[in-house]
Amino acid sequence: MNPQVSGSPLWRGGSRSLCTFILLSMLLGGCATKSYVVLLPSPDGSVGEVVIKGEKGEQVLNQAGQAGSLDGRALKIEERQIKEDFGATIAALPKIPVRYLLYFSAGTTLTPQSESLIPKIISEAKTRPAVDISVIGHTDTVFTDPYNMQLALKRAGRVSELLTEKGLKANSMVIESHGKRNLLIPTPDNTWEPRNRRVEVSVR
Amino acid sequence: MLRIIVIMLLFLVGHAFGIEQPIGHVKSVSGEATITSGEKKIKAEVGSPIYQGSILQTGKNSAMGVTFKDETVMSFGADTVFSVDEYLYSPAQGNLKFSSKLAKGSLNYVSGVIEKLKPDAVTVRTKSGIIGVRGTQFLLRVEE
Chain A
0 MNPQVSGSPL
10 WRGGSRSLCT
20 FILLSMLLGG
30 CATKSYVVLL
40 PSPDGSVGEV
50 VIKGEKGEQV
60 LNQAGQAGSL
70 DGRALKIEER
80 QIKEDFGATI
90 AALPKIPVRY
100 LLYFSAGTTL
110 TPQSESLIPK
120 IISEAKTRPA
130 VDISVIGHTD
140 TVFTDPYNMQ
150 LALKRAGRVS
160 ELLTEKGLKA
170 NSMVIESHGK
180 RNLLIPTPDN
190 TWEPRNRRVE
200 VSVR
Chain B
0 MLRIIVIMLL
10 FLVGHAFGIE
20 QPIGHVKSVS
30 GEATITSGEK
40 KIKAEVGSPI
50 YQGSILQTGK
60 NSAMGVTFKD
70 ETVMSFGADT
80 VFSVDEYLYS
90 PAQGNLKFSS
100 KLAKGSLNYV
110 SGVIEKLKPD
120 AVTVRTKSGI
130 IGVRGTQFLL
140 RVEE
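Order-wise, the sequence lines are chains A and B.
Residue numbers for the first sequence follow numbering that gives the first Met the number 0, so the first one is 0 and each next one is one higher.
Residue numbers for the second sequence follow numbering that gives the first Met the number 0, so the first one is 0 and each next one is one higher.
The calculated BS3-like cross-link candidates involving lysine-lysine, where the alpha carbons are at most 27 Å apart (straight line), are:
hint, chain 1, residue 1, chain 2, residue 2
1, A, K82, B, K126
2, A, K55, B, K126
3, A, K55, B, K100
4, B, K126, A, K33
5, A, K94, B, K100
6, A, K94, B, K96
7, B, K126, A, K75
8, A, K52, B, K115
9, B, K96, A, K52
10, A, K94, B, K103
11, B, K100, B, K115
12, B, K42, A, K168
13, B, K100, A, K33
14, B, K103, A, K75
15, A, K82, B, K103
16, B, K40, A, K94
17, A, K94, A, K119
18, B, K126, A, K52
Calculated directly from the structure, the hints in this document are not laboratory data.
Keep in mind it's a predicted model, so treat the numbers as computed, not measured.
Can you make the complete structure from the sequences, with help from the hints?
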């Protein structure tokens with residue numbers, strides 16, 4: 000025991016109230032540690048950031064394995080505890096979605112390389128329970144907004160047709176058009192850019 | 000039992016059809032899990048739809064995994080109550096937001112496209128603090 004503390008009036012005169020205090024803080028501490036966040040690396044290996052804002056302050060977590068209590072304090076959690084608290088949750092995590100990019104030589108004609116992705120998309124879809132698909136059409140910035148909304152929709156429609164023809168069975172398939180409003184390669188207006196003339200297929 | 004729903008989503012016309020789009024679907028269930036959307040409460044099964052405002056619940060010794068439209072992936076452990084308060088995913092219009100609440104239980108969260116396109120658009124509320132998410136995976140536990 001620290002002699003400075005043991006010699007203090009608090010320790011001698013109020014041992015009972017100190018015990019209550021220690022017990023209380025253990026209880027409070029125990030409760031607080033049961034509500035917490037742990038940062039993990041993303042499936043691609045990168046580590047992002049989580050910011051916790053609570054009544055005790057703000058915590059920024061940006062290191063893999065870093066933890067914080069939900070009231071905003073830093074926290075040390077042992078791996079054993081994390082496994083105990085989250086084992087079943089982690090085991091239930093669905094397969095991470097994949098996204099394919101298909102490019103067009105002209106109009107709604109896919110490049111041969113992109114067309115060869117169609118069977119790959121279908122076999123990936125088969126590995127997933129109740130697979131959901133989004134087919135999203137895009138254009139480059141040549142021509143007007145309404146024209147490109149239509150063209151991108153036609154591209155997405157064409158890819159969806161191909162997927163269905165080749166035997167894709169999905170729980171849901173949504174076709175969307177982003178026209179020239181969601182460029183892969185940022186360009187000024189009226190710029191010819193083959194990499195922006197694409198359809199994205201999200202397999203979930 | 001596979002059904003194919005092909006919905007043509009024309010620019011800005013989506014809402015005019017009056018059909019509410021699912022924002023995600025259940026991918027795995029073990030034990031007892033339910034989804035409450037509006038007045039309707041259904042037993043969660045692989046393929047069940049999730050809507051904006053849905054409340055997801057799991058029972059004792061149960062777990063559930065879901066995947067959202069923007070490729071956000073989540074799983075929930077036992078005795079969990081999670082609700083989707085607001086979910087906006089229209090990149091062409093710049094409408095991007097995902098706010099949710101974990102009332103109790105445990106969550107494994109893997110980021111999707113919304114926060115890649117718009118950092119600070121994703122938050123998870125709990126009774127003691129609010130969590131802002133920027134492109135990552137995390138575990139969250141809320142004890143009652």
